[in-house]
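*Asks:* Listed below, chain by chain, are the residues.
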Amino acid sequence: MVVDQLRTQLNDDELDRLFQAFADATRRDIVRRVTVGEYSVSGLAALYAMSFAAVQKHVAVLERASLVSKEKRGREQIVRANHDGLQRARRLLDDYEVIWRQRADRIADLLAESAAPEPGETQAGARSTKKSQGQAEGN
Amino acid sequence: MTVVSSVKNLEALSLTVVAEFDAGVGRVWQIWEDPRQLERWWGPPTWPATFEKHEFVPGGEASYYMTGPEGEKARGWWRFVTINAPHRLEFDDGFADDNGDPVADMGTIHGVVTLEPIGDRTRMTILSTFEAEEQMEKIVAMGMEEGMREALGQVDAIIAESVNA
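Read top to bottom, the protein sequences are chains A and B.
For the first sequence, this note's numbering assigns the number 1 to the initial residue and increments by one for each residue that follows.
For the second sequence, this note's numbering assigns the number 1 to the initial residue and increments by one for each residue that follows.
Bound-form chain B, shown alone (with noise of 0.2 Å):
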């Protein structure tokens, strides 16, 4: 498995997942730094991501969409906070309208990546953090569950995978 374990804090309203990769922390790390690769994974195969900004310096900001199966465009921004290569990341990441600008009610999930060599290979952990506002449940109720619906199709399989297994 690529994630080898994920803590969740009810009260906290954070995720942390930790995921292992058969590379080297300097390639782990071209997949966050590398608009052209992030693209590649950020968003799931229905609704693939692209990034029209990424200004990859602390301080800088991305811009991305991601387009829908019928064609649709969902906006997001990220603004990077910390960036110490190729160890630690740090961004705010929230949606934006449909100009690119961030939709200021809707609140940011906090990310912290981090990269740590275990031999030849990389530990990444993500710390996914949401604002405890009232902002939050948009959200989850918006974005995350209309990506979400996407990604679940492809779940109900790899469930079914895994109890057929």
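Extracted from the complex, chain A is given alone in its bound form (with noise of 0.2 Å):
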């Protein structure tokens, strides 16, 4: 399950690499392109006003934080998206979601609690039956 792998796969050192991978403009570039395709780490610097260097120290940043990887094939070194790195990018905005989702549930709650004399059906169920003359909407 989605939240069981979190748990186990997620460390703060790996939550660390992986947001300072994505902290920086060059470096979220880099990643949507590997995506796409693969490119060459020269390929990759000829995009950028930076030198080749730099563009491999970019390089290195994400493949620490497993967003890529890298595979030398002649003399070229080749950067593909490493998808497991990728996924667990977002499963952190997965969290995220699922913390709004429990707050629309309460806030659901909140509200058939308000507006029906008697507490209605548990969780979802806060689509009550209610629907006909409205209720004073502001405006």
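Accuracy of the hints is not assured; some may be wrong.
Stated by the list, open to error - So the derived label-pair ranges between C-beta atoms look like this:
| id | chain 1 | residue 1 | chain 2 | residue 2 | range |
| --- | --- | --- | --- | --- | --- |
| 1 | B | Gly60 | A | Ser40 | 49 to 57 Å |
| 2 | B | Val4 | A | Ala25 | 30 to 38 Å |
| 3 | A | Glu113 | B | Lys53 | 21 to 29 Å |
| 4 | A | Lys70 | B | Pro58 | 47 to 55 Å |
The hints are simulated quantities; they were obtained by calculation from the structure and are not laboratory data.
Yeah, the Cβ is synthetic: ideal placement off N, Cα and C, and Gly gets one too.
Since each chain sits alone in its own frame, please combine them into the complex, following the hints.
*Replies:* Written as structure tokens, this is what we have:
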């Protein structure tokens, strides 16, 4: 289950590396590009106004964060997306989504309480039957 | 379902959640405006929130703490940026130290809440954007994860339910 994986797979160090990796615009751009296709380090270096060494450093940061992987092919170093790592980043946002889903459920409960005289059903059951005369709606 | 959709933008580190409620816009606005109502849903049941300050005006500040199962307190602050009752609310949300002062290097989450009527119901859209700075790593690693571990227990149950359904 997603939740269990998160618990076991993400420790604080990993989180730090992950978000450090995403904290830079060039690195985010590299990630975006390599999720679509593979690039050599020199191919990437040609895209940015910075030295080959600087780009190589960015790639190394991404590699440590498990967002990309690097492989030697002949004289080239090929950079690819690391889908497991990206999946993990996504899971962080998933978590935040869970927080909001739970908040929304609590809001629905709270609203149902003040709208309906009797306590409604639980949870998602907040969609009650009273849909006729609309309550006074602020404007 | 209360939440009707959600969109994650991995590059921008933002999350948009859309929820619909069986109540008018004016009523839904109150759950933000009234700190006593806000307290009832902001924190998970195991980490309930208490708002000590809630200046619901543009430029106003809120300060709150969440109390954990062991009595530990996690403090946070908000700064209200835009308030257009009852349709739009923008605020920054960050961590605070034990005195309630913002922890500067921890960064903020910028939240934009919009309420729209759909008949006699309300659609609430929440856009949360994390600062794309290194501070963000801490927000997630510390605060979010902490509060979240608690929340995850409940999620397990929800997921189990939906699997069995």
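*Asks:* Now look at each hint and say whether the structure bears it out.
*Replies:* Results of checking the hints against the structure:
A hinted range of 49 to 57 Å holds for the C-beta pair Gly60/B and Ser40/A, which are about 53 Å apart. Range check, Val4/B to Ala25/A: about 32 Å between beta-carbon atoms, so the 30 to 38 Å window is met. Remark: the range hint 21 to 29 Å for Glu113/A to Lys53/B is upheld by a beta-carbon distance near 25 Å. Between Lys70/A and Pro58/B the beta carbons are some 49 Å apart, a value that agrees with the proposed interval 47 to 55 Å.
When held up to the earlier numbered hints, the structure conflicts with none and fits them all.
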